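Novice: If you're matching positions, the sequence shown starts at 22 in our numbering and goes up one per residue.
Calculated from the structure, these hints are not laboratory results.
Note that the structure is predicted; figures quoted are calculated from it, not measured.
Just so it is clear, CB atoms sit at the ideal spot from N, CA and C, and this is done for glycine as well.
Mixed in with the good hints there might be a few duds.
Have a look at the derived ranges for each label pair, beta carbon to beta carbon [said to hold, decoys possible]:
1. Thr78 to Glu186: 14 to 20 Å
2. Met172 to Ala74: 30 to 36 Å
3. Ile165 to Glu65: 33 to 39 Å
4. Pro47 to Trp131: 25 to 31 Å
5. Gly152 to Ile67: 36 to 42 Å
6. Asp187 to Ser58: 35 to 41 Å
7. Asn96 to Thr162: 18 to 24 Å
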Amino acid sequence: MNTYNNFHNFLWFQSIWFIAILGGQPLEWALVTLIASHLYFCKEWITELKLMAFCVTIGVGIDGVNTWFGVFEFNNESQITLIPIWLVAIWCGFIGTLRHSLRFMTTKPWLITLASGISAPLSYLGAMRLGAVEFPLGVWTTSILISISWMLMMPIFLFILRTIEDEDLTLDAPQISNEQSYTVNKQIQN
Numbered sequence: 022m023n024t025y026n027n028f029h030n031f032l033w034f035q036s037i038w039f040i041a042i043l044g045g046q047p048l049e050w051a052l053v054t055l056i057a058s059h060l061y062f063c064k065e066w067i068t069e070l071k072l073m074a075f076c077v078t079i080g081v082g083i084d085g086v087n088t089w090f091g092v093f094e095f096n097n098e099s100q101i102t103l104i105p106i107w108l109v110a111i112w113c114g115f116i117g118t119l120r121h122s123l124r125f126m127t128t129k130p131w132l133i134t135l136a137s138g139i140s141a142p143l144s145y146l147g148a149m150r151l152g153a154v155e156f157p158l159g160v161w162t163t164s165i166l167i168s169i170s171w172m173l174m175m176p177i178f179l180f181i182l183r184t185i186e187d188e189d190l191t192l193d194a195p196q197i198s199n200e201q202s203y204t205v206n207k208q209i210q211n
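Work out the full structure: start from the sequences and follow the hints.
Specialist: Spelled out as structure tokens, the structure:
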């Protein structure tokens, strides 16, 4: 019996966000565990993993570009990646909500795009206030840049979501052989 529901998904994402922001690099193992647990409890975990792979790549790329151009500044202990691993985990967490606790918003592209344009800067601002990131360009400039980037990314995320779900539905559909198709066509003609 699968008891993983939207409320659990919401709590899961909030846990990822707070552990990432407050714990940072020392708690990255906990973030990996949370993401793995999400995939374990998803009935369609392969679809979820594909969605994460495509969308997280875009989100991490945008945050990497913003970091490169000095919009963000992290105390990145590892120096292996442009952005910290814990931020990649937050991206996985957010994308992991699109098919679950945020599903109701994905049917209204204008609503989720507007909501992301407002909530994303607030999320980054919260992270800044807790010391996880700095805004060298200032709060207003950075918030506007975050808002614009999220309002541009969200329709792309929704397109990827629809494409992956449609592809998976097509693969799950029963396949009709040529012989079966011929038989059905003959019956219709008679």
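Novice: Taking the hints in turn, state whether each one holds.
Specialist: Checked hints:
{"no.": "1", "hint": "Thr78 to Glu186: 14 to 20 Å", "in the structure": "18 Å, holds"}
{"no.": "2", "hint": "Met172 to Ala74: 30 to 36 Å", "in the structure": "23 Å, violated"}
{"no.": "3", "hint": "Ile165 to Glu65: 33 to 39 Å", "in the structure": "37 Å, holds"}
{"no.": "4", "hint": "Pro47 to Trp131: 25 to 31 Å", "in the structure": "40 Å, violated"}
{"no.": "5", "hint": "Gly152 to Ile67: 36 to 42 Å", "in the structure": "37 Å, holds"}
{"no.": "6", "hint": "Asp187 to Ser58: 35 to 41 Å", "in the structure": "27 Å, violated"}
{"no.": "7", "hint": "Asn96 to Thr162: 18 to 24 Å", "in the structure": "21 Å, holds"}
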